[in-house]
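A.B. asks: For the sequence shown, position 429 matches number 1209 in this note's numbering, and the numbering has no gaps at all.
Take these hints with a grain of salt, some might be off.
[As the list claims (entries may be wrong)] The calculated lysine-lysine pairs, modelled on DSSO-like cross-linking and capped at a C-alpha distance of 27 Å, are: (1) Lys872 <-> Lys991; (2) Lys1029 <-> Lys1018; (3) Lys1241 <-> Lys991; (4) Lys1214 <-> Lys1241; (5) Lys1109 <-> Lys1253; (6) Lys1223 <-> Lys1186; (7) Lys1278 <-> Lys1067; (8) Lys1223 <-> Lys923; (9) Lys1187 <-> Lys1227; (10) Lys1255 <-> Lys1278; (11) Lys1029 <-> Lys1278; (12) Lys1223 <-> Lys1109; (13) Lys1074 <-> Lys1241; (14) Lys1109 <-> Lys998; (15) Lys923 <-> Lys800; (16) Lys1187 <-> Lys1223; (17) Lys939 <-> Lys998; (18) Lys1067 <-> Lys1018; (19) Lys1255 <-> Lys1214; (20) Lys1223 <-> Lys828; (21) Lys1319 <-> Lys1008; (22) Lys923 <-> Lys910; (23) Lys1067 <-> Lys1319; (24) Lys828 <-> Lys843; (25) Lys843 <-> Lys872; (26) Lys1187 <-> Lys1074; (27) Lys1008 <-> Lys910; (28) Lys1109 <-> Lys1241; (29) Lys1018 <-> Lys939; (30) Lys1074 <-> Lys1186; (31) Lys939 <-> Lys1223; (32) Lys1214 <-> Lys991; (33) Lys800 <-> Lys872; (34) Lys1074 <-> Lys1109; (35) Lys1253 <-> Lys1241; (36) Lys939 <-> Lys1219; (37) Lys872 <-> Lys860; (38) Lys843 <-> Lys800.
The set of hints was computed from the structure by calculation and includes no laboratory data.
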Amino acid sequence: MIRIEEISLGPDDDRSNLPKAVMRILGIELNQLISWEIQNRAIDSRRKNSVQIVYSIDVTVAKEDSLLADLAIAGERDDKIAELIVRHRVRKVIPFVYPIEQFERTPGMLRPIVVGTGPCGLFAALLLAKSGLCPIVLERGQKVEERVADVDRFFATGKLNPTSNVQFGEGGAGTFSDGKLYTLVNDPRSRFIFEEFVRAGAPPEILYDAKPHIGTDKLRGVVRNIRKTILQLGGEFKFNTALTDIRVKDSGIKSALLSNGDEVPVSHLVLAIGHSARDTFEMLFHKGLNLEQKALAMGVRIEHHREAIDAWQYGKQAGLPSLGAAKYKMAVHLPGGRTAYTFCMCPGGFVVAAASEPHMLVTNGMSEYNQANFNSNAALLVNVTPRDFGNPHPLAGIAFQRLWEKKAYSLGGGGYVAPVQLVGDFMANRRTEKLLSVKPTYKPGIKPAHLAQCLPAFIYKNLQDALPHFDQKIKGFAHPEALLTAIESRSSSPVRIKRDDNFQSNITGIFPAGEGAGYAGGIVSSALDGLKAAESVIKSIFA
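Let the hints inform the model, and build the full structure from the sequences given.
C.D. replies: Here it is in structure tokens:
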């Protein structure tokens, strides 16, 4: 294939014009163009009233090698052709195919166990299943169908199911998010992940969008279909079944004890437990796994009118279907050494109740595929270091999170009602008495408050310092009527489970992976880590 990059079209321009651009750049006729496929699509909104959609295209042409050779020769003689080649980075590419080797299980071979069905656990299990190893997958929560009902009930009534909620259940925390697939990790395995998502029902455009998303509504079906594939390949799922203990002999894992009373012999166990499995972290610590503190971030959710964000980002072109709901991502380094940044931006989305423990309040963001809700929101976070925990214990970060989640629950008055504050009141250090133009999306309810009572003082102050900087980047971001909801405390794991270069912990046969183990952040990076952990399991079994 030949890849051509940086092909710009206006948001009203039909993508059917892309072949014409390819023919112009390569200097070919239509009958020489065999096929073309969008490889990447990104929105360039640096000029607010002249937004462009920028494409990278993979094309198949007749006599590809000779064409590239002719282009190179022409480029040496003609400055215009040379400029086109350089500007569009015209080059030959070879598509990556993820190699999966098929193995046969020998008599007496123990089945690998995967703990957790977030993206890390699902893709670890998928690779193990495709390799013929018939994994057993444990999930403390419900299947996604029942989990959705539990979450909807929680949003409506404030009655929490501690094992089936926004954090726990099939698909992990990402199932109730925007389904964002954007990652800075450059790994060819990513293509396999995206193709498996599409095979399971995700929109095909995730294969080429620069900032792809599936949406929580579509992601639920995708998760269910990946489960079905694993089952068809000989895997087994045990829902409502937590890992409660492990048996260790001679520094190696021998069996897993489950919440249903079973003890299952195991020699290879992938820990894809997620960042909220606090009881599992405690069990692993007492069993002697090497755990260490890890930095995290905490803060609030900020909500604006979606149409305002669209206008700030896209100017007069806001609202065009080809642009969709606008996104943003910002960070500012503050004088005291802290960093404040936006995270998990949900265009046209909702702020959601993400608690997993009684009497603790947690928020997160969620969008459906069409991103059409009246507000857009994002986490507004400040980095927290282990020095802030005030305790050297490996699990001190969990205690730190719990402390502030309890304060937020109390400030809301119970029932998982969330405390909220207008940005104008937040900046003026005063309690909010009533809301104004920005209506809250959080359920089961909100209570006007002063968020200084449920945020560490250094986070409150740093967010005050950061908001004017963000307002310079997106004029109106610090609008006094924008709404802040507390507390966002689960952006990442406060614990890292140490592992070696072969992905094994200090207990042989245990492979910590994903966001909960402290090695990923987001759907794609977690899925990548799951694949790598599964590769290490396979290598360990068949070495």
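A.B. asks: Hints first: check each against the structure and report whether it holds.
C.D. replies: Now for the hints, and whether the structure bears them out:
no.	hint	verdict
1	Lys872 <-> Lys991	holds, 24 Å
2	Lys1029 <-> Lys1018	holds, 25 Å
3	Lys1241 <-> Lys991	violated, 31 Å
4	Lys1214 <-> Lys1241	holds, 23 Å
5	Lys1109 <-> Lys1253	holds, 10 Å
6	Lys1223 <-> Lys1186	holds, 18 Å
7	Lys1278 <-> Lys1067	holds, 14 Å
8	Lys1223 <-> Lys923	holds, 23 Å
9	Lys1187 <-> Lys1227	holds, 14 Å
10	Lys1255 <-> Lys1278	violated, 43 Å
11	Lys1029 <-> Lys1278	holds, 19 Å
12	Lys1223 <-> Lys1109	holds, 25 Å
13	Lys1074 <-> Lys1241	holds, 22 Å
14	Lys1109 <-> Lys998	holds, 24 Å
15	Lys923 <-> Lys800	violated, 48 Å
16	Lys1187 <-> Lys1223	holds, 18 Å
17	Lys939 <-> Lys998	holds, 25 Å
18	Lys1067 <-> Lys1018	holds, 23 Å
19	Lys1255 <-> Lys1214	holds, 24 Å
20	Lys1223 <-> Lys828	violated, 34 Å
21	Lys1319 <-> Lys1008	holds, 25 Å
22	Lys923 <-> Lys910	holds, 22 Å
23	Lys1067 <-> Lys1319	holds, 25 Å
24	Lys828 <-> Lys843	violated, 41 Å
25	Lys843 <-> Lys872	holds, 12 Å
26	Lys1187 <-> Lys1074	holds, 22 Å
27	Lys1008 <-> Lys910	holds, 13 Å
28	Lys1109 <-> Lys1241	holds, 21 Å
29	Lys1018 <-> Lys939	holds, 25 Å
30	Lys1074 <-> Lys1186	holds, 21 Å
31	Lys939 <-> Lys1223	holds, 12 Å
32	Lys1214 <-> Lys991	violated, 36 Å
33	Lys800 <-> Lys872	holds, 19 Å
34	Lys1074 <-> Lys1109	holds, 23 Å
35	Lys1253 <-> Lys1241	holds, 20 Å
36	Lys939 <-> Lys1219	holds, 23 Å
37	Lys872 <-> Lys860	holds, 20 Å
38	Lys843 <-> Lys800	holds, 19 Å
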